[in-house]
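*Asks:* Once you have looked at the hints, place chains B, C and D on chain A.
Residue numbers (this note's numbering), protein chains in the order written: chain A, 1 to 261; chain B, 1 to 261; chain C, 1 to 261; chain D, 1 to 261.
Bear in mind the hints are in silico, worked out from the structure with no lab data behind them. Check each hint, because a few of them may be wrong.
[As the list claims (entries may be wrong)] Keeping only pairs whose Cα atoms sit at most 35 Å apart, straight-line, the calculated DSBU-like set for lysine-lysine is: (1) Lys251/C x Lys258/D; (2) Lys258/C x Lys258/D; (3) Lys258/C x Lys251/D.
[Said to hold, decoys possible] Far from chain C by the CB rule (all over 12 Å, computed), these chain D residues: (4) Ala5; (5) Glu24; (6) Ile73; (7) Gly74; (8) Asn145; (9) Ala168; (10) Gly192; (11) Gly194; (12) Ala217; (13) Asp241.
[Stated by the list, open to error] Covered stretches of chain B, going by a simulated chain A footprint (3 or more residues, C-beta under 8 Å): (14) 162-174; (15) 219-227.
In this text, a Cβ means the ideal position worked out from N, Cα and C, and glycines have one as well.
4 protein chains.
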Amino acid sequence: DLPFALIAGPCQLETREHALQIAEALATACARLGIPFIFKASFDKANRTSLNAPRGPGLAAGLEILAALRDRIGCPVLTDVHEPAQCAPVAEVADILQIPAFLCRQTDLLLAAGRSGRAVQVKKGQFLAPGDMAHVAAKIASTGNDRILLCERGASFGYNMLVSDMRALPIMAETGWPVVFDATHSVQFPGGAGGASGGDRRFVAPLARAALAVGCAALFIETHPDPESAPSDGPNMVPLDQMPALLARLKEYDRLTKGAV
Amino acid sequence: DLPFALIAGPCQLETREHALQIAEALATACARLGIPFIFKASFDKANRTSLNAPRGPGLAAGLEILAALRDRIGCPVLTDVHEPAQCAPVAEVADILQIPAFLCRQTDLLLAAGRSGRAVQVKKGQFLAPGDMAHVAAKIASTGNDRILLCERGASFGYNMLVSDMRALPIMAETGWPVVFDATHSVQFPGGAGGASGGDRRFVAPLARAALAVGCAALFIETHPDPESAPSDGPNMVPLDQMPALLARLKEYDRLTKGAV
Amino acid sequence: DLPFALIAGPCQLETREHALQIAEALATACARLGIPFIFKASFDKANRTSLNAPRGPGLAAGLEILAALRDRIGCPVLTDVHEPAQCAPVAEVADILQIPAFLCRQTDLLLAAGRSGRAVQVKKGQFLAPGDMAHVAAKIASTGNDRILLCERGASFGYNMLVSDMRALPIMAETGWPVVFDATHSVQFPGGAGGASGGDRRFVAPLARAALAVGCAALFIETHPDPESAPSDGPNMVPLDQMPALLARLKEYDRLTKGAV
Amino acid sequence: DLPFALIAGPCQLETREHALQIAEALATACARLGIPFIFKASFDKANRTSLNAPRGPGLAAGLEILAALRDRIGCPVLTDVHEPAQCAPVAEVADILQIPAFLCRQTDLLLAAGRSGRAVQVKKGQFLAPGDMAHVAAKIASTGNDRILLCERGASFGYNMLVSDMRALPIMAETGWPVVFDATHSVQFPGGAGGASGGDRRFVAPLARAALAVGCAALFIETHPDPESAPSDGPNMVPLDQMPALLARLKEYDRLTKGAV
Numbered sequence: 001d002l003p004f005a006l007i008a009g010p011c012q013l014e015t016r017e018h019a020l021q022i023a024e025a026l027a028t029a030c031a032r033l034g035i036p037f038i039f040k041a042s043f044d045k046a047n048r049t050s051l052n053a054p055r056g057p058g059l060a061a062g063l064e065i066l067a068a069l070r071d072r073i074g075c076p077v078l079t080d081v082h083e084p085a086q087c088a089p090v091a092e093v094a095d096i097l098q099i100p101a102f103l104c105r106q107t108d109l110l111l112a113a114g115r116s117g118r119a120v121q122v123k124k125g126q127f128l129a130p131g132d133m134a135h136v137a138a139k140i141a142s143t144g145n146d147r148i149l150l151c152e153r154g155a156s157f158g159y160n161m162l163v164s165d166m167r168a169l170p171i172m173a174e175t176g177w178p179v180v181f182d183a184t185h186s187v188q189f190p191g192g193a194g195g196a197s198g199g200d201r202r203f204v205a206p207l208a209r210a211a212l213a214v215g216c217a218a219l220f221i222e223t224h225p226d227p228e229s230a231p232s233d234g235p236n237m238v239p240l241d242q243m244p245a246l247l248a249r250l251k252e253y254d255r256l257t258k259g260a261v
Numbered sequence: 001d002l003p004f005a006l007i008a009g010p011c012q013l014e015t016r017e018h019a020l021q022i023a024e025a026l027a028t029a030c031a032r033l034g035i036p037f038i039f040k041a042s043f044d045k046a047n048r049t050s051l052n053a054p055r056g057p058g059l060a061a062g063l064e065i066l067a068a069l070r071d072r073i074g075c076p077v078l079t080d081v082h083e084p085a086q087c088a089p090v091a092e093v094a095d096i097l098q099i100p101a102f103l104c105r106q107t108d109l110l111l112a113a114g115r116s117g118r119a120v121q122v123k124k125g126q127f128l129a130p131g132d133m134a135h136v137a138a139k140i141a142s143t144g145n146d147r148i149l150l151c152e153r154g155a156s157f158g159y160n161m162l163v164s165d166m167r168a169l170p171i172m173a174e175t176g177w178p179v180v181f182d183a184t185h186s187v188q189f190p191g192g193a194g195g196a197s198g199g200d201r202r203f204v205a206p207l208a209r210a211a212l213a214v215g216c217a218a219l220f221i222e223t224h225p226d227p228e229s230a231p232s233d234g235p236n237m238v239p240l241d242q243m244p245a246l247l248a249r250l251k252e253y254d255r256l257t258k259g260a261v
Numbered sequence: 001d002l003p004f005a006l007i008a009g010p011c012q013l014e015t016r017e018h019a020l021q022i023a024e025a026l027a028t029a030c031a032r033l034g035i036p037f038i039f040k041a042s043f044d045k046a047n048r049t050s051l052n053a054p055r056g057p058g059l060a061a062g063l064e065i066l067a068a069l070r071d072r073i074g075c076p077v078l079t080d081v082h083e084p085a086q087c088a089p090v091a092e093v094a095d096i097l098q099i100p101a102f103l104c105r106q107t108d109l110l111l112a113a114g115r116s117g118r119a120v121q122v123k124k125g126q127f128l129a130p131g132d133m134a135h136v137a138a139k140i141a142s143t144g145n146d147r148i149l150l151c152e153r154g155a156s157f158g159y160n161m162l163v164s165d166m167r168a169l170p171i172m173a174e175t176g177w178p179v180v181f182d183a184t185h186s187v188q189f190p191g192g193a194g195g196a197s198g199g200d201r202r203f204v205a206p207l208a209r210a211a212l213a214v215g216c217a218a219l220f221i222e223t224h225p226d227p228e229s230a231p232s233d234g235p236n237m238v239p240l241d242q243m244p245a246l247l248a249r250l251k252e253y254d255r256l257t258k259g260a261v
Numbered sequence: 001d002l003p004f005a006l007i008a009g010p011c012q013l014e015t016r017e018h019a020l021q022i023a024e025a026l027a028t029a030c031a032r033l034g035i036p037f038i039f040k041a042s043f044d045k046a047n048r049t050s051l052n053a054p055r056g057p058g059l060a061a062g063l064e065i066l067a068a069l070r071d072r073i074g075c076p077v078l079t080d081v082h083e084p085a086q087c088a089p090v091a092e093v094a095d096i097l098q099i100p101a102f103l104c105r106q107t108d109l110l111l112a113a114g115r116s117g118r119a120v121q122v123k124k125g126q127f128l129a130p131g132d133m134a135h136v137a138a139k140i141a142s143t144g145n146d147r148i149l150l151c152e153r154g155a156s157f158g159y160n161m162l163v164s165d166m167r168a169l170p171i172m173a174e175t176g177w178p179v180v181f182d183a184t185h186s187v188q189f190p191g192g193a194g195g196a197s198g199g200d201r202r203f204v205a206p207l208a209r210a211a212l213a214v215g216c217a218a219l220f221i222e223t224h225p226d227p228e229s230a231p232s233d234g235p236n237m238v239p240l241d242q243m244p245a246l247l248a249r250l251k252e253y254d255r256l257t258k259g260a261v
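So here's chain A without its partners, still in its complex pose (with noise of 0.2 Å):
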């Protein structure tokens, strides 16, 4: 009976401000719209397509960001972690823990996760079949954590393409996890641009649409004040001022598919 969450937020924080301004947009557009958001930034881009691209802040002070918007905006904050040794630090400000997609099968890190006691995400790898997050969430079930977000974000198509298999929502809600659709990084084309990722952020909107007809618990979007200017997932990224026109639009679709069940 709930609407559907939101995390959203820039790919990678740039600066404090910059984490203010859009989720304190976001925080309004949602809390018009009765939708729970949470904040989803990086604090470090650990597998960017080339050595040069921009990383963003690292961890002491990416966390130090977060904290203060956790603080000032109210809303749940959610990045991701590359090791084990991350999952501790991190869970002492993020609500919730991402694992990223190259890393859903890394043992030791899904056990940390898992073991921090906060909410843990992952995004479903980009090779890996649906049915297959079972075991990825058994791992970390067995921690006894029992708060697990399954995340579909594309499967790989050739090369450099991503296709979204909106049957993998049911078959890993099967799992009896809550299922989020990253409407973002479906979208991408993996080391399409050259020396980076690119993206066709037309398709955001009508795949987000689908996800939510088909059935999903949440929604994953990232955003940006200026995508063209964003260090990473610009082509891929919603312009900032037109969420809350897609966010109302995708309320709908997410009502329509709750009030029948």
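*Replies:* What follows is chains B, C and D alone, placed relative to chain A:
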């Protein structure tokens, strides 16, 4: 402003009574919902996996059934053509000639169908990028025919598996022709059942909802009073008695999408 | 103990002189190497990406060229058929009837080709698992025809890209029929050049070596004196003057593989 | 002019005796054939499908076995690293640090491995286009390390299936770094056996021949005295007693390819 049209029927024609039973049930359900209904059935399954699989009644007997049904029910009918020479006789009965996916690049068939004076629906080949359907449509349009339908039915995804790329709907819509989503063949596992194709009808409803949320002009759904006994595509056909509830539900998604345009 | 056979020629027939020039050069090179040579060319490219692309001289004129070439050079010839009715006239001239990949599941065409009394080569559909070719071969064999060739030419891999799965060769060989590797179309980028298919001929030689190392009965290679001016498949054709050296090299791999059996 | 190098061993370390038995057999076979031999085994399978699957002896015990083996057999050893902090201790024993496929984009791990002073082999991610490995190699090379190996191990092809694109070998070779073909993991069916990965060892030999026919610097083959009892990758490992004959055969293809360059 119109709701989506429904192209539906059994995969292949069996008897006249069987066809009438299905058409009547669908026509009634669609009339109640204000959904334009086009009856679909094949007189010849010309590309079965196995030689010994039943193919249907053939051209002459099949057209007789379709003509009777058209008279009795008053609905337009759609059926497949496999060779240029079939287009003229089929066009005497059928309102829409359908080009099967494997044949979507056969220039002579496309031209003959275009010249028949009837509307032409082309299934997108499992091997084709959505943008390449513009060239397919241009072949038909070169005959002066301006009633063309482009139909998504899944793309090859490894062996014995298809995936529905929802981006294909808006990409094909850029041609200006109406786009149809085939929710039945999209959930096929081609050759996945040994000497026959398998499938999973559980995904028909969610994928149809997704397609309407993305936006399409029509849905294509195969149905049968007793799918388990159907001579083809049984595993992915919707039981006939479930169609009215499914259609009522689907109409809500369509209204949401088109109300907003 | 025989070396591989070579099926080679231009993609489509241009003029009689052009065909003779190519056939002569290939026959000479093959004779020198003890490689059985079959001339290949299409009289009609029935499934070009774009309507405006040249299709070839047509059935009557094409068969005339093939007959002349067969007389003059003394080599067997292979050409495509696209409809059942073409099989009988084509069989009067061609030694091998080829079923194009998109048509590999069309039962009537397979049966008509089987009944023609000529050998039949079927290209594996880009959408087909290698094991499913057993059903395709069974359709032809049901006519009593026992000269069947199964040809690998790449599997759909995302959009506008094929991949050569070398496992397909031994899997298809389990049927007992000779297996052919098409090194030309395997390196095609279907629709990858906008209104035409692209390709990358740099990979013809390595993939042909790989196929012979895995083991196959014949190679299929398209060639042209001036690929850049060819009406189709130019980007993936081998320049004619490079064929003798390529064949000499390929023969060594074949000998290595077959010497050990 | 050198023959290919062989990187081989069991998938994961079991006991010291077990490792020595395998290394001895392989070293003897390779010495006879003049093939440089590098022993490979993992001390920790950090990304098993299922939590309950055995992972190996761990870092300390594993390095002890590898050190003993290196002393006794005199061959270089290769083992995986999963986190930056493992690189320094592993580099005290291992001659080559291997970056697993799922981790091939983790910048910190690549840099730590590069700085270790040891050679670094990177498996190409199942989700990566071959050309994108240039960026991966550049990360390692930025540390001043100039002993980099790039390894093909199959690309995602639908769900639970990989395909070996032989074009990847020359494409990766354009970087200038030696290219390795992993014939064992290329025939894996990831997650294809429910809670574990399946595979089909029948294709190891043909794909290895194909890779040498295309051209590569080294082969990677996992082997076990009794694959059925192996704790991981059993279905795709070659029985140890079949290795000498396989290597002798493979050497012929390598000689043919490199003799001609």
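*Asks:* What are the numbers of the hints the structure violates, in ascending order?
*Replies:* Result: hints 9, 15 break, sorted rising.
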